[in-house]
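Peer 1: All chains should be built: construct the whole structure from the sequences, respecting the hints.
Number of protein chains: 2
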Amino acid sequence: MPLTNRQLIYTNPPKAAIDPSLNGTGTFTLKTTTFPDDVPLKDNQVLVRIHYLALEPAMRQWLTAKRSYIAPVEVGSVMRGQSIAQILRVSPALASTYKAGEWVAAHSGWQEYAILPAKAIEKITIPAGCQPTDALSVLGMTGLTAYFGMTEVGQPRRGDTVVVSGAAGATGMVAGQIARIKGAKRVIGIAGSADKCRFLREELGFDAAINYRDADWRKQLKEATPDYIDVYYDNVGGEILDACLFRAAKGARFVICGAISQYNVEKPQGPKNYLMVISQRITMRGFIVFDYADKYAAALRELGTWLSQGKIKRKEHIVKGGLETTPQELINLFNGVNTGKMMVEVVPESEAIKVENAKL
Amino acid sequence: MPLTNRQLIYTNPPKAAIDPSLNGTGTFTLKTTTFPDDVPLKDNQVLVRIHYLALEPAMRQWLTAKRSYIAPVEVGSVMRGQSIAQILRVSPALASTYKAGEWVAAHSGWQEYAILPAKAIEKITIPAGCQPTDALSVLGMTGLTAYFGMTEVGQPRRGDTVVVSGAAGATGMVAGQIARIKGAKRVIGIAGSADKCRFLREELGFDAAINYRDADWRKQLKEATPDYIDVYYDNVGGEILDACLFRAAKGARFVICGAISQYNVEKPQGPKNYLMVISQRITMRGFIVFDYADKYAAALRELGTWLSQGKIKRKEHIVKGGLETTPQELINLFNGVNTGKMMVEVVPESEAIKVENAKL
Numbered sequence: 001m002p003l004t005n006r007q008l009i010y011t012n013p014p015k016a017a018i019d020p021s022l023n024g025t026g027t028f029t030l031k032t033t034t035f036p037d038d039v040p041l042k043d044n045q046v047l048v049r050i051h052y053l054a055l056e057p058a059m060r061q062w063l064t065a066k067r068s069y070i071a072p073v074e075v076g077s078v079m080r081g082q083s084i085a086q087i088l089r090v091s092p093a094l095a096s097t098y099k100a101g102e103w104v105a106a107h108s109g110w111q112e113y114a115i116l117p118a119k120a121i122e123k124i125t126i127p128a129g130c131q132p133t134d135a136l137s138v139l140g141m142t143g144l145t146a147y148f149g150m151t152e153v154g155q156p157r158r159g160d161t162v163v164v165s166g167a168a169g170a171t172g173m174v175a176g177q178i179a180r181i182k183g184a185k186r187v188i189g190i191a192g193s194a195d196k197c198r199f200l201r202e203e204l205g206f207d208a209a210i211n212y213r214d215a216d217w218r219k220q221l222k223e224a225t226p227d228y229i230d231v232y233y234d235n236v237g238g239e240i241l242d243a244c245l246f247r248a249a250k251g252a253r254f255v256i257c258g259a260i261s262q263y264n265v266e267k268p269q270g271p272k273n274y275l276m277v278i279s280q281r282i283t284m285r286g287f288i289v290f291d292y293a294d295k296y297a298a299a300l301r302e303l304g305t306w307l308s309q310g311k312i313k314r315k316e317h318i319v320k321g322g323l324e325t326t327p328q329e330l331i332n333l334f335n336g337v338n339t340g341k342m343m344v345e346v347v348p349e350s351e352a353i354k355v356e357n358a359k360l
Numbered sequence: 001m002p003l004t005n006r007q008l009i010y011t012n013p014p015k016a017a018i019d020p021s022l023n024g025t026g027t028f029t030l031k032t033t034t035f036p037d038d039v040p041l042k043d044n045q046v047l048v049r050i051h052y053l054a055l056e057p058a059m060r061q062w063l064t065a066k067r068s069y070i071a072p073v074e075v076g077s078v079m080r081g082q083s084i085a086q087i088l089r090v091s092p093a094l095a096s097t098y099k100a101g102e103w104v105a106a107h108s109g110w111q112e113y114a115i116l117p118a119k120a121i122e123k124i125t126i127p128a129g130c131q132p133t134d135a136l137s138v139l140g141m142t143g144l145t146a147y148f149g150m151t152e153v154g155q156p157r158r159g160d161t162v163v164v165s166g167a168a169g170a171t172g173m174v175a176g177q178i179a180r181i182k183g184a185k186r187v188i189g190i191a192g193s194a195d196k197c198r199f200l201r202e203e204l205g206f207d208a209a210i211n212y213r214d215a216d217w218r219k220q221l222k223e224a225t226p227d228y229i230d231v232y233y234d235n236v237g238g239e240i241l242d243a244c245l246f247r248a249a250k251g252a253r254f255v256i257c258g259a260i261s262q263y264n265v266e267k268p269q270g271p272k273n274y275l276m277v278i279s280q281r282i283t284m285r286g287f288i289v290f291d292y293a294d295k296y297a298a299a300l301r302e303l304g305t306w307l308s309q310g311k312i313k314r315k316e317h318i319v320k321g322g323l324e325t326t327p328q329e330l331i332n333l334f335n336g337v338n339t340g341k342m343m344v345e346v347v348p349e350s351e352a353i354k355v356e357n358a359k360l
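If you read the sequences in order, they're chains Z and W.
Mind the numbering: the first sequence is residues 1 to 360 in full-length UniProt numbering, read in order.
Mind the numbering: the second sequence is residues 1 to 360 in full-length UniProt numbering, read in order.
The reader is advised that the hints may include incorrect statements.
Intra- or inter-copy, both count: the list cannot distinguish identical chains.
Heads up, simulated DSBU-like pairs for lysine-lysine below, C-alpha to C-alpha not over 35 Å straight-line [said to hold, decoys possible]:
(1) Lys15 - Lys267
(2) Lys295 - Lys185
(3) Lys66 - Lys185
(4) Lys66 - Lys123
(5) Lys182 - Lys267
(6) Lys320 - Lys295
(7) Lys313 - Lys182
(8) Lys123 - Lys250
(9) Lys250 - Lys15
(10) Lys272 - Lys99
(11) Lys315 - Lys250
No wet-lab data here; the hints were simulated from the structure.
Peer 2: As structure tokens, then:
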């Protein structure tokens with residue numbers, strides 16, 4: 001039987017914002033192909049069906065950033081992205097390692113089916129109290145990014161004041177919770193709505209949460225940081241980074257993880273208060289999670305323990321629109337519609353193939 | 001006999017550029033006072049006559065920067081500044097420590113005479129081959145700033161490519177020479193004239209020097225950094241910092257020492273390429289020389305040795321205009337008229353009091 005595969009092809013590099021139209025004039029094009037479901041697999045390959053696609057702010061950088069940490073997505077190829085996928089078929093050579101029906105985290109790109117080499121997939125191991133989609137958030141690259149950014153770059157010390165921007169986003173909320181685990185005295189989140197702020201305070205136990213859409217958010221930030229800011233974990237850049245530079249304590253560590261406010265503008269703004277770096281002896285340091293690959297396993301064990309124990313709480317924002325909504329949902333991510341990890345449900349779990357002991 | 005003292009009083013905080021007029025509408029006002037030359041001195045005081053005033057870019061920051069590393073100069077007070085001064089008279093309590101006729105480095109401010117507490121002056125000790133005005137440049141705060149910025153923050157390693165901006169300025173030229181001493185493979189200076197660049201290459205032995213007023217300076221920078229930039233010592237900020245961010249090697253250290261291009265503008269520009277901090281895992285770190293006070297003595301010994309041995313070469317730019325030219329000369333410093341340490345000769349050495357064994 002032929003499988004109909006729908007794919008989102010990167011077509012037109014955006015100058016500023018992503019264009020969601022899929023008719024050939026937008027950033028991505030929807031392409032339909034078919035292949036027989038018994039398509040031959042090479043020795044190291046598996047055939048998977050994608051169920052959940054993870055969306056990340058960094059995707060915008062993958063399209064057009066120059067001299068970036070990763071090669072840009074090539075025009076004409078399937079858009080890069082990670083997913084939770086189910087294995088449909090395994091090459092004989094891999095039969096002892098993977099089984100049909102198994103769930104994996106896959107570097108599959110934005111499509112419904114994919115033939116992938118084994119190195120592009122990873123088994124999902126679920127600690128007690130955890131769930132498979134955690135592999136795209138707390139127990140995936142998102143959680144690892146928060147973990148290494150906070151513990152290795154930010155290095156909060158007992159008694160520190162830690163501020164996280166994009167705090168209701170997938171990375172930010174984990175970063176803030178890790179700061180608390182590491183003994184920070186005050187953990188403050190900056191986010192884009194009253195609901196997000198309530199979530200940070202009431203669900204995650206942040207000491208304060210500031211809605212940057214409030215007219216007086218700078219004043220709120222000042223009041224929330226009476227001893228200034230020792231560690232600032234930045235996901236947003238722009239005016240919020242500037243305001244935090246102005247509130248930096250002497251010797252502050254600024255973790256530069258992302259700059260979601262700057263990815264979709266033609267002329268990014270630098271932090272105009274960066275001279276505070278001199279007067280307050282600030283260290284601003286960028287990092288890429290890949291550099292810590294040799295420590296992933298240990299970090300995932302620790303994150304899994306914290307998640308099981310409830311010291312870290314998860315939050316997912318799963319959109320049920322199918323593959324073709326993905327470009328618009330990426331735009332929505334930049335507009336901040338989500339609290340927690342944003343994912344697109346490509347195919348509901350109810351359509352998964354049924355295999356004994358392979359429940360998602 | 002009464003002494004006529006002329007002073008430059010900080011009068012009108014500038015919005016952007018300093019206004020050199022001294023008639024009351026400018027940034028500073030010239031004030032003339034008199035006091036008897038036998039004015040009584042308190043136990044810990046000396047009376048000094050100022051001969052050379054040091055000018056530094058940071059002076060602009062001392063006027064209006066908020067949350068800076070040092071309290072702003074108070075409106076109505078003598079402008080802050082360091083000088084080479086001669087002791088005219090010593091309180092009896094200090095007679096065993098200081099002698100009339102001795103030369104000192106003094107926190108005297110912009111005036112011709114000053115009554116100072118002992119803690120505001122420092123004896124000048126001159127290693128072989130050195131000279132008293134070195135105490136305002138290589139063997140003073142300038143040299144110490146270059147020393148700690150390069151060795152403690154930049155930490156060049158053998159084989160590194162090191163770029164210094166404001167490289168023909170007093171701090172930059174010492175920083176570049178220290179990078180070479182520390183084993184950098186390539187030392188590249190960025191400066192504002194062909195003459196300065198020739199000086200850096202021919203007199204100081206920099207591997208390359210780039211005149212940022214050349215139309216193709218970015219291309220020159222690219223060509224001079226085939227292995228990218230491991231250490232960037234920034235004195236200027238603005239477009240040059242941006243260009244160097246774009247040429248940063250993975251893991252580069254960016255020493256943020258100053259930002260002379262941004263001090264006199266109403267709305268400073270942040271580095272718009274700062275997202276390279278993420279993709280190249282750059283550490284941008286600011287510092288203030290005061291934090292290394294407990295290491296000054298050892299650093300000065302090392303700087304003195306290097307200066308005596310010719311491993312560091314000095315360069316002074318002494319303006320002979322008298323006290324009242326100082327505001328205009330500070331503006332000239334921002335315009336880059338100087339190669340090396342900029343000083344104003346307030347009183348020529350020929351007018352110094354003659355005391356046995358106290359030659360400047």
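Peer 1: Against this structure, judge whether each hint is valid.
Peer 2: Hints, one by one, checked against the model:
1. Taking the closest pair of Cα atoms, Lys15 and Lys267 come within 35 Å of each other both inside a single copy (10 Å) and across two copies (26 Å).
2. In this assembly of identical chains, Lys295 and Lys185 lie within 35 Å of each other by CA distance both inside one copy and across copies; the values are 27 Å within and 33 Å between.
3. For the identical chains of this complex, Lys66 and Lys185 are inter-copy neighbours only, at 27 Å across copies versus 39 Å inside a copy, given an alpha-carbon limit of 35 Å.
4. For the homomeric pair Lys66 and Lys123, the shortest alpha-carbon distance inside one copy (33 Å) is at most 35 Å, but the shortest distance between copies (53 Å) is not.
5. Neither within a single protomer nor between protomers do Lys182 and Lys267 lie at most 35 Å apart by alpha-carbon distance, with minima of 37 Å and 38 Å respectively.
6. Taking the shortest alpha-carbon separations for Lys320 and Lys295, only the intra-copy value of 34 Å comes in at or below 35 Å, while the best inter-copy value is 62 Å.
7. Taking identical chains as interchangeable, the C-alpha atoms of Lys313 and Lys182 lie at most 35 Å apart only when both belong to the same chain, with a minimum of 15 Å there against 49 Å between chains.
8. With identical chains, the CA atoms of Lys123 and Lys250 are at most 35 Å apart between copies only, with a shortest distance of 31 Å across copies and 44 Å within one.
9. In this assembly of identical chains, the alpha carbons of Lys250 and Lys15 lie at most 35 Å apart only when taken from different copies (26 Å versus 38 Å within one copy).
10. Taking CA atoms no more than 35 Å apart as the test, Lys272 paired with Lys99 passes in neither setting, with 54 Å inside one copy and 49 Å between copies.
11. Taking CA atoms no more than 35 Å apart as the test, Lys315 paired with Lys250 passes in both settings, with 34 Å inside one copy and 34 Å between copies.
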